[in-house]
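Colleague: My request is simple: use the sequences and hints to build the entire structure.
Protein chains: 2
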Amino acid sequence: MIGRVFSRNFTRTYKHSLNSHTIQESIIRSEYAVRGAIAMKAMEIERQMETGTKFGFDKITHLNIGNPQDLGQKPISFNREVLASCLVDDPERNRMIYSSDAVDRADHYLSHINHRAAGAYSDSTGIRVVMREVKDFIEKRDGVEVNEDNIYLTNGASEGITYMLRLLIKDENDGIMIPIPQYPIYSALITRFNGKQVPYYLDEETGWRMTYEELEKAYFEATAKGVNVKALTLINPGNPTGQVMSQEDLEKVIKFAHEKRIFLLADEVYQKNIYVDKEFCSVRKALHGLGAPYSNDVELASFHSLSKGLLGECGLRGGYMELHNVNEFAHAMAYKSKAVGLCSNIIGQIGVGLLVNPPTEESVSKEVYDLYKKEEQTIFDGLKHRANLITEKLNNIEGVSCNQVEGAMYAFPKIQLPRAYCHLANTLGIQPDLKYCLDILEKTGIMIVPGSGFGQEEGTFHFRITNLVNCSLEMERALDMIGEFTEDIMSQYRYKGVETVKLPHEPILDSEYQTI
Amino acid sequence: MIGRVFSRNFTRTYKHSLNSHTIQESIIRSEYAVRGAIAMKAMEIERQMETGTKFGFDKITHLNIGNPQDLGQKPISFNREVLASCLVDDPERNRMIYSSDAVDRADHYLSHINHRAAGAYSDSTGIRVVMREVKDFIEKRDGVEVNEDNIYLTNGASEGITYMLRLLIKDENDGIMIPIPQYPIYSALITRFNGKQVPYYLDEETGWRMTYEELEKAYFEATAKGVNVKALTLINPGNPTGQVMSQEDLEKVIKFAHEKRIFLLADEVYQKNIYVDKEFCSVRKALHGLGAPYSNDVELASFHSLSKGLLGECGLRGGYMELHNVNEFAHAMAYKSKAVGLCSNIIGQIGVGLLVNPPTEESVSKEVYDLYKKEEQTIFDGLKHRANLITEKLNNIEGVSCNQVEGAMYAFPKIQLPRAYCHLANTLGIQPDLKYCLDILEKTGIMIVPGSGFGQEEGTFHFRITNLVNCSLEMERALDMIGEFTEDIMSQYRYKGVETVKLPHEPILDSEYQTI
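Here the protein sequences come in this chain order: D and R. Under our numbering, residues 10 to 525 are what the first sequence spells out, in order. Under our numbering, residues 10 to 525 are what the second sequence spells out, in order.
There's no promise every hint is true.
Pairs involving identical chains hold if they fit within one copy or between any two copies, as the list cannot separate such chains.
What the hints assert, rightly or not - Straight-line alpha carbon distances no greater than 25 Å define the calculated SDA-like cross-link-like pairs of lysine to any residue that follow: (1) K24 <-> H297; (2) K375 <-> R102; (3) K83 <-> R104; (4) K63 <-> R137; (5) K226 <-> T387; (6) K24 <-> N182; (7) K24 <-> S461; (8) K63 <-> R486; (9) K149 <-> F66; (10) K83 <-> S109; (11) K294 <-> I106; (12) K24 <-> E181; (13) K24 <-> K264; (14) K68 <-> F229; (15) K281 <-> R428; (16) K24 <-> K269; (17) K24 <-> H267; (18) K144 <-> K294; (19) K68 <-> R137; (20) K83 <-> I106; (21) K423 <-> Y378; (22) K234 <-> H25; (23) K234 <-> H30; (24) K149 <-> Y381; (25) K24 <-> D180; (26) K383 <-> D99.
None of these hints come from the bench; they were simulated from the model. Everything numeric in this text was worked out from a predicted model, so none of it was measured.
Modeller: The following block contains the structure:
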């Protein structure tokens, strides 16, 4: 992955009509850590490697982003055969190299599309047959009734999240409650839409639990400042924190939302990624369990995606959003937002069908079913093994502590950085955890993301690391390198007085770099 | 295509936190005609047909939207074989049913992607190898030098247009010049981002030409009202108007933009769709032709897409944007906007590679090349034939006049609606041309879009119709039906006094319907 590298000093002249003075502040201020300073630095290194500069490593290891196939995870064969058969609509020929079941499934989708055209725009909300499969999936998963008209097929979950935040934020007094730590799409979009972040802190001590008391505290602090709290985001299983929420805790959030009359945004893209003995419970199911007035009153948007789970089909950009208890007018506005982009890509839409309606023992041949299950299991086992490996290995590093990775694809360990190291970072004008991640990258080629990008309690430092390297040995090696590097830092700075820290010749980063 | 049908009376209670009082006015106000009232009405009809209601037609004919494959246009085989081979990465097996050239091309793309993973996120701006192909394409087409870092791969052209308008509109005084008639994504987004539309009128009398005088007039009228004109959009070939701009006219716009220091947005998605003896000239080429100071000063974003041309791959959602003479800071902001959605879908990205780097006589076998050319030619011939057919047939209808369709996929004829018919429409609270299109839809099942959605000189009425039905006979039949219907209207209302018009029992549409 090599991308654009921005010069550190942006042109500040008035030669251009589009410049830092003429672009909205809300865009300039919005940050997106996962693709931020660390990604920029990595690109710079890759460029330098291309032109012959030597580093202490051969390649960059991307432990910064939930991108499984970029780290060697294989796609599920059945799904890809279906998608390929949708692109080249020639069942007879396809049957020569793909399983008949895959070809039949492609036929099932194409037969519901005008002229069998995977290359046509669909209606803005999506292909009806896939929307129905999503409806069936939620009904079966949660024992509820779903209206297929409430389903919107999206380019990944992020598109749905974007639409909903845009609808929810009317003016700069509108606030959205987000967990801290959070996945930075929320902070980035709230800033972009000129709203207010209302952070509620997850409790690291109790495995990143969400408590009613903390929700109330955050809410009242915000309203006291005149913020109109419009919605609350929850991410379950947690990103970057990996906790799996209990139905009981979900019920508390629902009651809170009902009492305060706020909208719930449920980011549930990791629902298949649970590595401990806990069961995923959707907000939709918890709502139903509580019954009236909650079940028919609390407004909810739930998001799901092809990109995570066991498919890891990030590049296909497929996802869905289900709206529940949402006003018709708001539906019309969501529809209109979607219409400007015409529709989500059709391959991603069909991918969503495959996500929610996987082959079953009854629907396909034994051979196809067995292969599907085997591929899925291999992926799951790897994720689970590495989730445990990470927890264990990180806890063995001096100064690092990490909660059990229960779910999702990340660990979010706490790191106690020496005072002198923090001082050095501050003098350079960057967060200590950003410096730590930049240093690791330069030294080892490993990309991890600083906790400051996700939010953390003041005075604490963390980083996010994925469990996605598709080889346990390589994962182990990466963790060892992080361990060695960290111990080096510790021994180098632990006893150092703040005053003895020498600044490097040139600041490694200026503050503008960070806003990217 | 059956989608959500909204009830005509939206809930106005305060039960919901997200309602018509809590959503931004700019979202509520923004309209998108192509997917607006007509599409809603069609969905309603399709629903009713599903439940047994009889209409005077068997199916809806979608002449409302540039969606070729929905009307039977076939995809190009080579391209689909490449994409399928990217999804199922098994060259040996693929060679059994696809051409070796297609499999090789897939290998070319995959070999430039980490782990050959079409299912991984790419860098936010896109897959580097495709960005390079776009660079080569523009260089060859225009005889210019392009920096591949200035290319952004997008989900269709609409995504790039969205990013640029968002960057260009800082506050409600910022204006964007748009042609009238225009493609409504511009008006919809300008409204959504709370900017001002600065309309400049294309001259219907001279085949929808853009004149310097009109640009000046529009500009000065806007600035006199305190509008800060930031950018100018041009659509070439025109949508909905079908004109092909000359290099000379482009040079005038460029000089205008330079003088006024405004940003140019060049919507060039129909560059392959030219049916008369004119050559496409890009703004980039015209800029280069003018030389300094224009060529290195005028800021430009050009958009291109997979959806149109001869591929018609709307559903893949692929496109690109090239920024030229754009400030590094603005680049960084564009990059950041793109990063929140992570990346465009990879199949669409590879599709862009195939758009800009088609197989040549040298690069593939004769058989593959011949088939490619034949398929392309068949599509082109059909489009051209129907473009001429439309122009001719429409001009034969009483009250209808239509400029020659030189390019793109639409005709935008003027229609002289009888005074009594207009009165009836106004009494119903809708535009006369909307009523005309709704009536045609109800009577014939043909969907066309009213001119009011694209903008038109006050007091004139138009509609937009596509030339995409993949069968000339069917197209002819549709045009005949429109002709008959129009003549009915004429004879029914021509001599009618306004006072004699009887209102139907119930308004067919309320005004809220229109805002969708």
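Colleague: Each of the hints needs a verdict: does it hold here or not?
Modeller: So, going through the hints one by one against the coordinates:
1. In this assembly of identical chains, K24 and H297 lie within 25 Å of each other by CA distance solely across copies; the values are 19 Å between and 59 Å within a copy.
2. Taking the closest pair of Cα atoms, K375 and R102 come within 25 Å of each other both inside a single copy (22 Å) and across two copies (22 Å).
3. In this assembly of identical chains, K83 and R104 lie within 25 Å of each other by CA distance both inside one copy and across copies; the values are 22 Å within and 21 Å between.
4. For the homomeric pair K63 and R137, the shortest alpha-carbon distance between copies (22 Å) is at most 25 Å, but the shortest distance inside one copy (53 Å) is not.
5. When the C-alpha separation of K226 and T387 is checked against a cutoff of 25 Å, the pair qualifies neither within a copy, at 43 Å, nor between copies, at 67 Å.
6. Taking the shortest alpha-carbon separations for K24 and N182, only the inter-copy value of 21 Å comes in at or below 25 Å, while the best intra-copy value is 35 Å.
7. In the homo-oligomer, the alpha carbons of K24 and S461 never lie at most 25 Å apart, since the shortest distance is 35 Å inside one protomer and 38 Å across protomers.
8. With identical chains, the CA atoms of K63 and R486 are at most 25 Å apart within one copy only, with a shortest distance of 21 Å there and 69 Å across copies.
9. For a Cα distance limit of 25 Å, the shortest separation of K149 from F66 qualifies neither inside one copy, at 49 Å, nor across copies, at 38 Å.
10. In this homomeric assembly, K83 and S109 come within 25 Å of each other (Cα to Cα) both inside a single copy, at 21 Å, and across copies, at 24 Å.
11. Within a single copy, K294 and I106 get their C-alpha atoms no closer than 41 Å, and across copies no closer than 46 Å, so neither meets the 25 Å cut-off.
12. Taking CA atoms no more than 25 Å apart as the test, K24 paired with E181 passes between copies only; the shortest distance there is 23 Å, against 32 Å inside one copy.
13. Taking the closest pair of Cα atoms, K24 and K264 come within 25 Å of each other only across two copies (16 Å); inside a single copy the shortest separation is 55 Å, beyond that limit.
14. In this assembly of identical chains, the alpha carbons of K68 and F229 never lie at most 25 Å apart, being 48 Å within a copy and 56 Å across copies at closest.
15. Proximity of K281 to R428 under the C-alpha cut-off of 25 Å is found in neither arrangement, the shortest distances being 40 Å within a copy and 63 Å between copies.
16. Taking the shortest Cα distances, K24 and K269 sit within 25 Å of each other only across copies (12 Å), while inside one copy they are farther apart (50 Å).
17. With identical chains, the CA atoms of K24 and H267 are at most 25 Å apart between copies only, with a shortest distance of 11 Å across copies and 53 Å within one.
18. In this assembly of identical chains, the alpha carbons of K144 and K294 lie at most 25 Å apart only when taken from the same copy (14 Å versus 50 Å across copies).
19. In the homo-oligomer, the alpha carbons of K68 and R137 lie at most 25 Å apart only across protomers (17 Å), although the nearest pairing inside one protomer, at 44 Å, exceeds that limit.
20. When the C-alpha separation of K83 and I106 is checked against a cutoff of 25 Å, the pair qualifies both within a copy, at 19 Å, and between copies, at 23 Å.
21. For the identical chains of this complex, K423 and Y378 are neighbours neither inside a copy (42 Å) nor across copies (59 Å), given an alpha-carbon limit of 25 Å.
22. Proximity of K234 and H25 under a CA criterion of 25 Å is satisfied inter-copy only: 24 Å between copies versus 39 Å inside one chain copy.
23. Taking the shortest Cα distances, K234 and H30 sit within 25 Å of each other only across copies (22 Å), while inside one copy they are farther apart (29 Å).
24. Only within a single protomer do K149 and Y381 lie at most 25 Å apart by alpha-carbon distance; the minimum there is 21 Å, versus 46 Å between protomers.
25. Taking the shortest Cα distances, K24 and D180 sit within 25 Å of each other only across copies (20 Å), while inside one copy they are farther apart (33 Å).
26. Proximity of K383 to D99 under the C-alpha cut-off of 25 Å is restricted to the inter-copy arrangement: shortest distance 19 Å between copies versus 28 Å within a copy.
Hint check: violations occur at hints 5, 7, 9, 11, 14, 15, 21; the rest are consistent with the structure.
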